[in-house]
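Asks: Be aware that the sequence shown starts at 330, since it is given in the working numbering, and climbs by one per residue.
Just so you know, these hints were derived from the structure itself, not from any lab.
One should not assume that every hint holds.
[As the list claims (entries may be wrong)] When the alpha-carbon atoms are kept at most 25 angstroms apart in a straight line, the in silico PhoX-like pairs for lysine-lysine are as follows:
{"no.": "1", "residue 1": "Lys389", "residue 2": "Lys590"}
{"no.": "2", "residue 1": "Lys389", "residue 2": "Lys591"}
{"no.": "3", "residue 1": "Lys702", "residue 2": "Lys815"}
{"no.": "4", "residue 1": "Lys467", "residue 2": "Lys590"}
{"no.": "5", "residue 1": "Lys637", "residue 2": "Lys593"}
{"no.": "6", "residue 1": "Lys402", "residue 2": "Lys336"}
{"no.": "7", "residue 1": "Lys593", "residue 2": "Lys389"}
{"no.": "8", "residue 1": "Lys707", "residue 2": "Lys822"}
{"no.": "9", "residue 1": "Lys591", "residue 2": "Lys461"}
{"no.": "10", "residue 1": "Lys707", "residue 2": "Lys815"}
{"no.": "11", "residue 1": "Lys716", "residue 2": "Lys605"}
{"no.": "12", "residue 1": "Lys716", "residue 2": "Lys702"}
{"no.": "13", "residue 1": "Lys593", "residue 2": "Lys461"}
{"no.": "14", "residue 1": "Lys637", "residue 2": "Lys622"}
{"no.": "15", "residue 1": "Lys826", "residue 2": "Lys815"}
{"no.": "16", "residue 1": "Lys591", "residue 2": "Lys637"}
{"no.": "17", "residue 1": "Lys848", "residue 2": "Lys702"}
{"no.": "18", "residue 1": "Lys716", "residue 2": "Lys815"}
{"no.": "19", "residue 1": "Lys707", "residue 2": "Lys826"}
{"no.": "20", "residue 1": "Lys467", "residue 2": "Lys591"}
{"no.": "21", "residue 1": "Lys815", "residue 2": "Lys590"}
{"no.": "22", "residue 1": "Lys605", "residue 2": "Lys622"}
{"no.": "23", "residue 1": "Lys590", "residue 2": "Lys461"}
{"no.": "24", "residue 1": "Lys336", "residue 2": "Lys441"}
{"no.": "25", "residue 1": "Lys707", "residue 2": "Lys848"}
{"no.": "26", "residue 1": "Lys441", "residue 2": "Lys337"}
{"no.": "27", "residue 1": "Lys637", "residue 2": "Lys507"}
{"no.": "28", "residue 1": "Lys702", "residue 2": "Lys822"}
{"no.": "29", "residue 1": "Lys637", "residue 2": "Lys590"}
{"no.": "30", "residue 1": "Lys336", "residue 2": "Lys507"}
{"no.": "31", "residue 1": "Lys461", "residue 2": "Lys441"}
{"no.": "32", "residue 1": "Lys337", "residue 2": "Lys389"}
{"no.": "33", "residue 1": "Lys772", "residue 2": "Lys364"}
The structure presented is a predicted model; accordingly, all values stated were derived computationally and were not measured.
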Amino acid sequence: MATPSQKKRAAIYARYSSDMQKVTSIDGQLLLCRKVAARNSLDVVGEFVDAAKSGLTEDKRDGYQRLLECVRKQDFDVIIVEHFDRLSRDPATIQRLKQVFEFNRVELMDQKGVYATATDISIASLYNTIYKPQLADKVRRGHDNAVSNGRIPGSYAYGYRPRPGAPGERMIDESEAKIVRRIFIEYTSGRSTRDIAADLTREGVPSPGATRHKNKAGRTTWNHQCITGGRHGRGIIGNELYIGEIHWNVRSTILNPETQKKQKRRNPEERHIIVKNAELRIVPQALWDRAQKVRSERAIHMFGPTGKPRRRPVVPRNNEHPLAGVLRCGVCNGHMRIAQSSRNGGPRAACANAHQRSTCEHTRSFDMDVLLKDVAEKMEVRLLSPKAIEEAMRAWKEERKSDQQKNSERSNLERRRHVLNTEIERLSYAIANSRRKPEELVKRIDECDVERETIEERLRLLGNGGENVIPFDHPRFGDRYCSEAKRLVTALKTNPKAIETRVAFRNLVDCIIVHPVRKRMPYEYTPYLNAAALFSTQLFPENCPKTGNISTFICYDNVQSEKSVSS
330 MATPSQKKRA AIYARYSSDM QKVTSIDGQL LLCRKVAARN SLDVVGEFVD
380 AAKSGLTEDK RDGYQRLLEC VRKQDFDVII VEHFDRLSRD PATIQRLKQV
430 FEFNRVELMD QKGVYATATD ISIASLYNTI YKPQLADKVR RGHDNAVSNG
480 RIPGSYAYGY RPRPGAPGER MIDESEAKIV RRIFIEYTSG RSTRDIAADL
530 TREGVPSPGA TRHKNKAGRT TWNHQCITGG RHGRGIIGNE LYIGEIHWNV
580 RSTILNPETQ KKQKRRNPEE RHIIVKNAEL RIVPQALWDR AQKVRSERAI
630 HMFGPTGKPR RRPVVPRNNE HPLAGVLRCG VCNGHMRIAQ SSRNGGPRAA
680 CANAHQRSTC EHTRSFDMDV LLKDVAEKME VRLLSPKAIE EAMRAWKEER
730 KSDQQKNSER SNLERRRHVL NTEIERLSYA IANSRRKPEE LVKRIDECDV
780 ERETIEERLR LLGNGGENVI PFDHPRFGDR YCSEAKRLVT ALKTNPKAIE
830 TRVAFRNLVD CIIVHPVRKR MPYEYTPYLN AAALFSTQLF PENCPKTGNI
880 STFICYDNVQ SEKSVSS
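Hey, can you work out the whole structure from these sequences and the hints?
Replies: Structure, rendered in structure tokens:
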């Protein structure tokens, strides 16, 4: 906190919601908040911005997350915003934020230059509670009116492009329309969506993702799900726009208050809006009808008379398994994901590139519970062997050498930043006390400011190293290493899906490369471990949560599971 004789340190936060708004909205907010800081004799030490980010979510706002980190470290005393809804439009979130600010002795100020009280926050929360539904109704009414007039709000589907000078109107992209008709023809001929997607990928055909992101040269990998769609998605085969029908308000997207993730739900039939526009037809009606018949027959064959997938409640959530996010394919080095279930309901992992995009030949799936059990058994032998302790010490020394180099670079950067700060202050004083503002001095200030920003970004990437540095030859290394290794092995055997066990396992294991094997043959895999993590940080979250990047790894020799597992 600032003493009475010092200026209070202030941070500015600015945000605008939609990519349809102008980027200058950020500049306007920052300029306004700087003037507020100047009027109240506040020293602005940081600015945090989020462009085209909704105020209803927190995780996807990088500037917001950095602001909270600085609040917890008490890097400033005041946060200035144009209005409280820049921080959040959710009433519960803004109330919680005020409590976090108060706990860390950080005050909140709006454009009026008045420090926010609990009453101000309550009034702002009440306003947001009333404003959000009204805004949603207005946006929905505008969209419905546009659809009724033959326009389509939002992004454009594969096979179309915006009509220049006519917002909301679409015109057919003939090159993509040929691909759409080809997909329908091959689908009705009996080919699987995986084979169709694999052919398009091999031929280098730009995918729908390339169209949406305006980067056709770099996105040519097709996912078979973009053809059929997921549980709530229509995909190319089910998109009625290809027969000249605009179907609007069929589904709604809502935010799960517990997970903060968006979910889709189908709206009642009476709320659907259907508008016909023959100019947008790409697929002939007969071809469309055949494709829908094939799709229905395949759904019934796969899921039964209802044609709808049955949920399996026994399958754990992806993030509840210690191996989730750890496994990598031994052929393409891509991520492996939970793709199937074993007979007992346990998860099975498969290469995502092979399972979804058909760009990898490693098509076998692996029982994750069997693999985890085998990994735990091998860990007990290999982590506690004399060779493992020696390798861990070597990795620890490499880690410390890297930290020493970073500390040296950090010291040089900090000295240079101090020189630049002094130079900027000197030039600013010279300009302020002169009748005219020499362009050379202003230009030099800009150059120093750009260099200072570059240095600050490099310091941020280097992290907060240099604290609590432990000597290379620490006498308690072996004891700490063995203690943490035994604790992790015991936890993996007794309660592998506990939160603290999963965090500790992922702190230690960087990745596990799973190699292809024939059916009914033992699993083969190669684990890559961050052995230095057994000493540089305690593995379990009640002692020290997982932080930072892993930079030093140990690769154990190829490990073969002694268990024969049927696929």
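Asks: Could you run down the list of hints and mark each one as holding or not?
Replies: Here's how the hints hold up against the structure:
1. Between the alpha carbons of Lys389 and Lys590 the distance comes to roughly 10 angstroms, so the proposed pair stays at or under 25 angstroms and holds.
2. Restraint check for Lys389 and Lys591: satisfied, since their Cα atoms lie roughly 12 angstroms apart, inside the 25 angstroms limit.
3. Pair hint Lys702 plus Lys815 holds up; C-alpha atoms about 15 angstroms apart against a cutoff of 25 angstroms.
4. With a CA separation close to 24 angstroms, the supplied pair Lys467 and Lys590 stays within the 25 angstroms bound.
5. Between Lys637 and Lys593 the alpha-carbon distance is near 16 angstroms, which keeps this suggested pair within the 25 angstroms criterion.
6. For a cut-off of 25 angstroms, the pair hint linking Lys402 to Lys336 stands: about 18 angstroms separates their Cα positions.
7. Straight-line distance between C-alpha atoms of Lys593 and Lys389 comes to about 19 angstroms, which keeps the hinted pair within the 25 angstroms bound.
8. The hinted pair formed by Lys707 and Lys822 meets the criterion: a straight-line CA distance of about 12 angstroms does not exceed 25 angstroms.
9. Of the pairs offered as hints, the one joining Lys591 and Lys461 holds, with about 17 angstroms between alpha carbons and a cut-off of 25 angstroms not exceeded.
10. At most 25 angstroms may separate the alpha-carbon atoms for a hinted pair to count; Lys707 and Lys815 meet this at roughly 12 angstroms.
11. Between Lys716 and Lys605 the alpha-carbon distance is near 72 angstroms, which puts this suggested pair outside the 25 angstroms criterion.
12. At roughly 23 angstroms between alpha-carbon atoms, Lys716 and Lys702 fall within 25 angstroms of each other, so this suggested pair holds.
13. Proximity of Lys593 to Lys461 is assessed by CA-CA distance (about 19 angstroms); at most 25 angstroms being required, the pair is judged to hold.
14. Taken as a hint, the Lys637 and Lys622 pair is honoured in the structure, with Cα atoms around 15 angstroms apart against an allowance of 25 angstroms.
15. The straight-line distance between the Cα atoms of Lys826 and Lys815 is roughly 17 angstroms, inside the 25 angstroms bound, and the hint therefore holds.
16. Under the criterion of a C-alpha separation no larger than 25 angstroms, the hint pairing Lys591 with Lys637 is consistent with the structure, at around 22 angstroms.
17. The suggested pairing of Lys848 with Lys702 holds, with an alpha-carbon distance near 20 angstroms, which does not exceed 25 angstroms.
18. A hinted pair counts as satisfied when its Cα atoms are at most 25 angstroms apart, and Lys716 with Lys815 qualifies at roughly 16 angstroms.
19. For the suggested pair Lys707 and Lys826, the alpha carbons sit about 18 angstroms apart, so the restraint of at most 25 angstroms is met.
20. Between Lys467 and Lys591 the CA atoms are separated by roughly 21 angstroms; this keeps the pair inside 25 angstroms, and the hint holds.
21. Distance check on the hinted pair: Lys815 and Lys590 sit about 37 angstroms apart at the alpha-carbon level, beyond 25 angstroms; violated.
22. Taking the CA atoms of Lys605 and Lys622, the gap is near 22 angstroms; set against the 25 angstroms cutoff, the hint holds.
23. Distance restraint check for Lys590 and Lys461: the Cα-Cα separation of roughly 18 angstroms lies within the 25 angstroms cut-off, and the hinted pair is therefore satisfied.
24. Between Lys336 and Lys441 the CA atoms are separated by roughly 19 angstroms; this keeps the pair inside 25 angstroms, and the hint holds.
25. Annotation: proposed proximity of Lys707 to Lys848 holds, straight-line Cα distance about 22 angstroms (limit 25 angstroms).
26. Taking the CA atoms of Lys441 and Lys337, the gap is near 17 angstroms; set against the 25 angstroms cutoff, the hint holds.
27. Taken as a hint, the Lys637 and Lys507 pair is broken in the structure, with Cα atoms around 30 angstroms apart against an allowance of 25 angstroms.
28. Proximity of Lys702 to Lys822 is assessed by CA-CA distance (about 7 angstroms); at most 25 angstroms being required, the pair is judged to hold.
29. Distance hint between Lys637 and Lys590 is fulfilled; the C-alpha atoms sit about 23 angstroms from each other, no more than 25 angstroms.
30. Annotation: proposed proximity of Lys336 to Lys507 is violated, straight-line Cα distance about 66 angstroms (limit 25 angstroms).
31. Restraint check: the Cα-Cα separation between Lys461 and Lys441 comes to about 23 angstroms, which is no more than 25 angstroms; the hinted pair holds.
32. Between the alpha carbons of Lys337 and Lys389 the distance comes to roughly 30 angstroms, so the proposed pair goes past 25 angstroms and is violated.
33. In summary, the hint linking Lys772 to Lys364 is supported, as the alpha carbons are separated by about 23 angstroms, within the 25 angstroms threshold.
Checked against the numbered hints listed earlier, the structure breaks hints 11, 21, 27, 30 and 32; every other hint is satisfied.
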